[in-house]
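Number of protein chains: 2
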Amino acid sequence: MGAGSPAQPQARRMKGPEELEIIAFERGHFTSYSACGIPYWVGGDVPGRDELIARTPQEHRERSIDLRVRTEVTELDVAGQRVRARDLSDGTESWTGFDKLIVATGARPVRPPLPGIDAPGVHGVQTLDDGQALLDTLAATEGGRAVVVGAGYIGVEMAEALLKRGYEVTVVHRDEQPMSTLDPDMGRLVHAAMDGMGITTVGSTAVSKILTGEDGRVRAVATEDAEYPADVVVLGIGVQPETALAEAAGLPLGAYGGLLTDLSMRVRGHENIWAGGDCVEVLDLVSGTTRHIALGTHANKHGQIIGANVGGGYATFPGVVGTAVSKVCELEIARTGLREKDAHRAGLQFVTATIESTNSAGYYPGAALMTVKMLAERRTGRLLGAQIVGREGAAKRVDIAAVALTAGMTVERMTTLDLGYAPPFSPVWDPVLVAARKATAAVRKAGV
Amino acid sequence: MGAGSPAQPQARRMKGPEELEIIAFERGHFTSYSACGIPYWVGGDVPGRDELIARTPQEHRERSIDLRVRTEVTELDVAGQRVRARDLSDGTESWTGFDKLIVATGARPVRPPLPGIDAPGVHGVQTLDDGQALLDTLAATEGGRAVVVGAGYIGVEMAEALLKRGYEVTVVHRDEQPMSTLDPDMGRLVHAAMDGMGITTVGSTAVSKILTGEDGRVRAVATEDAEYPADVVVLGIGVQPETALAEAAGLPLGAYGGLLTDLSMRVRGHENIWAGGDCVEVLDLVSGTTRHIALGTHANKHGQIIGANVGGGYATFPGVVGTAVSKVCELEIARTGLREKDAHRAGLQFVTATIESTNSAGYYPGAALMTVKMLAERRTGRLLGAQIVGREGAAKRVDIAAVALTAGMTVERMTTLDLGYAPPFSPVWDPVLVAARKATAAVRKAGV
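Heads up: the protein sequence lines correspond to chains U and P, in order. When you read off a place in the first sequence, starting at 1, and then add 4, the result is the number in the numbering used here. When you read off a place in the second sequence, starting at 1, and then add 4, the result is the number in the numbering used here.
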């Protein structure tokens, strides 16, 4: 779900149709759905596609929004305050003028130009159409071998989904460890847990081509050294901001190709153009630089903020701290703030502390191990980042660190945070507090 | 587990036995156990008493701590820097001098002087001995009728434990709704859920006496209007600071009878006496007043801080925001900060917002409802408190609000917090964010 979808009703709440005419262009059939839910639909946890749709085109129209689906914008004329759009059903093009423009073009999956990448049986999982196509392939190859390319969030979630579908799953990825959004020492825990689930991971490896059989369908994924037989291949390599139109129109892009905005989500240097969601870069409050993070929760916030501002209200997006949570089967994975390499890159010196504790009191039935790593700034002791790998109750604990990061707290202040304690929910020292204590000791030990 | 138990090893880590002699007096047999775990032991989740013991007397002694169990301190001579203690095995008394004194006398359960309160079959659940006595009674009356007096944390946890033991459970309590640590509108949700579990709750009712049978054992609990048959009665009315010795010695007590300390946990006005755990009052950072909160997680922090300071280091306890979590069967209950009546009492004007959302994306299997209530200060929009009632994943979300309270965040700032999002863990707007949005709108609407 991008920024465009929530922006429209929010703007409509601020101003009625007599004051504000809203026209929305959408290339596909659907306007407002949870792409993050696709792995759970593919894995069978979510029964059908319609469950993932937040608002139908009809619901948008009921709010007097002139929604044009299957209509692709092909040019932005910033100076002329108009956009050119093509009706995909009949190919006709026309210009539409605007007083205010919202760019919410989202992101496109990275799809390296490898031999065989377009072969039948090779699937992305970015859109509902992608999800349906993958499900159709799975229905035809039930219980075979699957290769997932990439071991980020989408990669590991798709590995779980395919495992649930009865596939033998191999994940081939570039970095030393899966989940490279974590430091490698924490990624190693994910690796070991995936091994335990029967998911084969092959790291430090680049895919060189997709091999096809005589029928033209995929039959294997090839790297420099090996071939991994595959009845189905899922690409989970990540996404890039979809900003070709914006770039052609001369709008400002950042180092990652995303649109650059001010705090009100207005495109820098443009009074009447806003942008949000997966097509923009966001300010990272910890490193002080902009990053590209494609995540529905940010896009939704952007949409609300843009809708309020376009509607004549006032709201800002202060930035992110880089929180992300995920799971592979029973394993929960979370991170916020900076990894070691991010901190180096930002010019920050730091200490680290890693602890192991349990999600509930050790004596409570089902108490499961959790590993928490913290980065704290040298000398000041300011929290810089936290990573958590564990079982039930592990991932959402990262929110404690996310709020502390937002507030600029030191790890020493964190040691006395008043967190919820009762035996079913936490040991008497919450794992986050234990990590903060160890990080505090590390800061002291490092001295000035 | 009180403050004394962690203070000793922490002080020992700072200074060896050649520098610091540590003598510890303990009235009972056990020194370091989780009283919070007793309901789970009684309910059968925790197999045995020994699981609840964190450190045995032997473990303390191995750290060169002169631990004297079954030895009750009967007098503090502050001016003379000595304590008088009685050996409970032979009744002998003796004085022991000190350079530094730590008072960690804990709390005692409220036990109103009702007729019949000491009858066999009436149990408190404060100590391991209490827990064992209750289990012995249950073994003799398996599957009968139980009445729990009090509907706070201990009360509802014991209701669950007795339900698990096959008892028909009635909870009789004083306030309009159970869990009076919540506002009544949130307590009502707990009430309804307990009804659904088959636990009868009788509110706005005071117990007038405990009725006994011809054998002298409890047979019912009587209020002004009714009698509730009972084979066993559990008292969960709360606790009071155990400060009789401290009061007799002239140490300063607060409005709730707890010792008053400075930020280093030193008793106010006394250079060489520290106090911590359930016998002290703590600073509430939201209301600016001191409160009495008996909770193992605070006591443990106090112990660490006192141990560091007594050992020549430096640490402080900044105060609490009043976070507490609990559960009754599958229902999770959490609160932090101020209730409406606390805010009134503190002279704060506020708005409230209550929302209903789900613990995971609505389309994710097992998504369950969660209600979040927030209090925000009028005009400034500063968060004043949050309460949550829901199912799995509800309670520990209160930590987000606890950290935000600690940082003095406004509810508007909270609307853009970067919290962990993925379909198994949260809707795209975390319920806490949804509540913050509604509270922000309420602050705006209330105007100046």
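In short, the hints are calculated from the structure, not lab data. Treat the hints with care, as some may be off.
Copies of one chain are not kept apart here, so a pair can be met inside one copy or by any two copies together.
[What the hints assert, rightly or not] Pairs of lysine-lysine, DSS-like flavour, derived with a Cα cap of 30 Å: (1) Lys104 / Lys213; (2) Lys104 / Lys19; (3) Lys104 / Lys449; (4) Lys19 / Lys449; (5) Lys213 / Lys19; (6) Lys104 / Lys345; (7) Lys104 / Lys168.
Comparing the hints with the structure gives:
1. With identical chains, the CA atoms of Lys104 and Lys213 are never at most 30 Å apart, being 45 Å at best within one copy and 73 Å at best between copies.
2. Taking the shortest alpha-carbon separations for Lys104 and Lys19, only the intra-copy value of 14 Å comes in at or below 30 Å, while the best inter-copy value is 69 Å.
3. In the homo-oligomer, the alpha carbons of Lys104 and Lys449 lie at most 30 Å apart only across protomers (27 Å), although the nearest pairing inside one protomer, at 55 Å, exceeds that limit.
4. In this assembly of identical chains, Lys19 and Lys449 lie within 30 Å of each other by CA distance solely across copies; the values are 17 Å between and 58 Å within a copy.
5. For the identical chains of this complex, Lys213 and Lys19 are neighbours neither inside a copy (53 Å) nor across copies (64 Å), given an alpha-carbon limit of 30 Å.
6. For a Cα distance limit of 30 Å, the shortest separation of Lys104 from Lys345 qualifies neither inside one copy, at 40 Å, nor across copies, at 47 Å.
7. In this homomeric assembly, Lys104 and Lys168 never come within 30 Å of each other (Cα to Cα): the closest approach is 46 Å inside a single copy and 62 Å across copies.
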